[in-house]
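All chains should be modelled from the sequences, with the hints used to inform the complete structure.
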Amino acid sequence: MIRRFLLGTALLGVCAAAPLGVAEDEKPKEQPAEIQLPPVPTHWKAEKPVGTSAGPVTAEMLSGSAAPADKWIQYGGNYRNFRHTPLKNLTPESVKKLSVAWAFPTGTTGQFEASPVVYGGVMYVTSSYNRLFALDAKTGELLWRYDHQNGENLRLCCGPPNRGVGIWGDLVLMGTLDAHLIAFDRKTGEIAWNVEVAKYQSGYSLTSAPLMADGMAIIGVAGGEYGVRGFFDAYDAKTGKLVWRHYTVPGKGEPGADSWAGDSYERGGSPAWTYGAYDPETDTLYWTTGNPSPDWDGDGRVGDNLYSDSLLALDPKTGNMKWYFQFTPHDVWDYDGNTQLFLVDTKLDGKPRKLIVQANRNGFYYVLDRTDGKFVRAEPYLEQVNWATIDKNGRPVVNPDALPKTDATFRTCPSNLGGMNGSFTGALNPDLGLAFIPSSEACQVFTKGIGAFREGLPYLGGLPDTVDATKGKAYGNLAAIDVATGKVKWRYRDNRPMMGGVLSTAGGVVISGTLEGEVIALDARSGKVVWRFRSGGGMRSQPIAYQLDGRTYVAVPTGSFSTMDSFAAGVTRVPEGGTLFVFALPK
Amino acid sequence: MSRVTLLLAAAVLGCAGPKAAVQSSPPTPPESPAQRFLRDPAAIERGRQIFIGTCGAYCHSTHDVERDAPSLFDCEWRHGGTDAEIFKSISEGVANTRMPAWKDALPQGDDDIWRVIAYLRSATTCRTPPASAH
Chain A
1 MIRRFLLGTA
11 LLGVCAAAPL
21 GVAEDEKPKE
31 QPAEIQLPPV
41 PTHWKAEKPV
51 GTSAGPVTAE
61 MLSGSAAPAD
71 KWIQYGGNYR
81 NFRHTPLKNL
91 TPESVKKLSV
101 AWAFPTGTTG
111 QFEASPVVYG
121 GVMYVTSSYN
131 RLFALDAKTG
141 ELLWRYDHQN
151 GENLRLCCGP
161 PNRGVGIWGD
171 LVLMGTLDAH
181 LIAFDRKTGE
191 IAWNVEVAKY
201 QSGYSLTSAP
211 LMADGMAIIG
221 VAGGEYGVRG
231 FFDAYDAKTG
241 KLVWRHYTVP
251 GKGEPGADSW
261 AGDSYERGGS
271 PAWTYGAYDP
281 ETDTLYWTTG
291 NPSPDWDGDG
301 RVGDNLYSDS
311 LLALDPKTGN
321 MKWYFQFTPH
331 DVWDYDGNTQ
341 LFLVDTKLDG
351 KPRKLIVQAN
361 RNGFYYVLDR
371 TDGKFVRAEP
381 YLEQVNWATI
391 DKNGRPVVNP
401 DALPKTDATF
411 RTCPSNLGGM
421 NGSFTGALNP
431 DLGLAFIPSS
441 EACQVFTKGI
451 GAFREGLPYL
461 GGLPDTVDAT
471 KGKAYGNLAA
481 IDVATGKVKW
491 RYRDNRPMMG
501 GVLSTAGGVV
511 ISGTLEGEVI
521 ALDARSGKVV
531 WRFRSGGGMR
541 SQPIAYQLDG
551 RTYVAVPTGS
561 FSTMDSFAAG
571 VTRVPEGGTL
581 FVFALPK
Chain B
1001 MSRVTLLLAA
1011 AVLGCAGPKA
1021 AVQSSPPTPP
1031 ESPAQRFLRD
1041 PAAIERGRQI
1051 FIGTCGAYCH
1061 STHDVERDAP
1071 SLFDCEWRHG
1081 GTDAEIFKSI
1091 SEGVANTRMP
1101 AWKDALPQGD
1111 DDIWRVIAYL
1121 RSATTCRTPP
1131 ASAH
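Those protein sequences? They're chains A and B, same order as listed.
The first sequence: position 72 = 72 (my numbering), numbered continuously.
The second sequence: position 37 = 1037 (my numbering), numbered continuously.
Please note that a few of the clues may not be correct.
[Stated by the list, open to error] Only pairs whose alpha carbons sit at most 25 angstroms apart, straight line, appear in this in silico DMTMM-like list of lysine to aspartate or glutamate: (1) A/K473 <-> A/D401; (2) B/K1088 <-> A/E152; (3) A/K471 <-> B/D1110; (4) A/K473 <-> B/D1068; (5) A/K489 <-> A/E383; (6) A/K405 <-> B/E1045.
If you're looking for bench data, these hints aren't it; they were derived computationally from the structure.
Okay, structure coming up:
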């Protein structure tokens, strides 16, 4: 990019001082000149390797049952996605002593949704529009930086976020809004490889952090509002070579294709845009899928629309499916199944069980057996759920009033954003047996219209009329849910939807934030707020904790996307702009 | 030339004066298809359903609410408010925004775009639609 500045005014000044006696027609023509500045850099590499002498990130490190205390090396904290630090010194009392150690601006607008990763004394954090920063995790010093130059006319339904990097060996990996997956040398910022996952012009994008397992980077596409054919891929982390691709919508003649009317499966959406989970013990990968396309008109895709809104269990070596469970068959509300999965070992009716639990976007908290996908129970975790009840087999019994209509007036709950949503995380404290779930409490009027499919254009078929948000009636809760039973133990209520991620600590604290621009800490046992910090920016990120040289840090990216805030909660006055705050306990 | 002929000529010239003045003002533009659809309730309803199924959701609000995509029900038109200008914005998209080009993408082509414009005109909260709408 060349920056050009016209200097016509300056030249006019020079010419005005031309010597007297020069005939008018002999005066030099006054032409504006341009100064060409050098291209603005987009990639600042480190001249010398940065960070400590820590060796490559290994499978053993990632497979730990808890997130390590001195680092944060994966989006979910551990493969079970607990986002729970073993640090016991972050207590309801001690967090009152948190103070800002350093802060860092991203220079971008749009939601700052990342979970930072910390390894070898370096924090790797991504901003909206795919800036990747390597920062000294103790001081915030910028060590290297890469500003991805996304293609023009991105196909984004809901803003320009990125939720973080994966780390493996000596590489960090980032997916981009124009559907590339890029690996960087974590010590220098050099690009190791760059693959195009899909043609973004067809409606694809990547917003998730990749999940690193078995030496592979696993990442899925967004595009459910564009009628894409959803999929998620596994790439060899060293080389970027595609190992397997798993389509979330069957092809012609494949099992499940008959759950779509006609050829509607060809534009069936069902994106895989969030992070999965991995069970090293059984070598099983778990991934979730989103809404069938078009979102709000199911007339042309009669049937269950497999494997939309589902949980898939797969062999990570092949990508072959072991079993599936569909949460919302024939979804016409945009109730993506892509919310956070927790892998939980606990007792049910006195018997030890290996469970997978999820607060689904459709408003129900599901408990499944993760060895075979068998339904155990579902309980509403929201205060307002009226679109369906769940039968003994886990299948929704739909309220006919809640179906989209051309002249709809019925307030259906939850909204199309959920409940819980895949753009933010909860956390789970295994000692307390509680999952902490942020959510939006809002209802909408789902109206059906005429959609039209054309590759790369929005394919929606209707809209959710944001009646509660528009009237200022949308609000939020952060709920503590008994992991095994799904019963709500406490709720913290906020005036606007809670759409920020959560961190849990072994010291009994829950840390999250609000759209109005506060970072908050709550007592994990009671839900009582014990600390607030006015960040100014709406909270949409996934906070983390780590300890370096004996000092405990909490990192919270802040900054939201006003369009989505308005959609979810009504017009917002909070300005955009990403800022990362890192707090520390006293030395 | 007879007197009668002269009178006729004068009469013609006399008429020619005002007639010439009419010809020097801009000609009345032909009615846009949107105005024709605006008289057809079924066309307006189809335009509404296309708007709901295609333009709303995360982009233009069905209420007079601004998101990053503008409200289309107020008096403000960032890229021209005549029927033809709105048609161009929908058909060709708007560079450097999220607005894509819908030409040939709707089931009944250009007519569906005009029906959407007719719906927007019918549902506007603007009390005095711009004269250029016609």
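Hints, one by one, checked against the model:
no. : hint               : verdict
1   : A/K473 <-> A/D401  : holds (21 angstroms)
2   : B/K1088 <-> A/E152 : holds (20 angstroms)
3   : A/K471 <-> B/D1110 : violated (35 angstroms)
4   : A/K473 <-> B/D1068 : holds (21 angstroms)
5   : A/K489 <-> A/E383  : holds (13 angstroms)
6   : A/K405 <-> B/E1045 : holds (14 angstroms)
Hint check: a violation occurs at hint 3 only; the rest are consistent with the structure.
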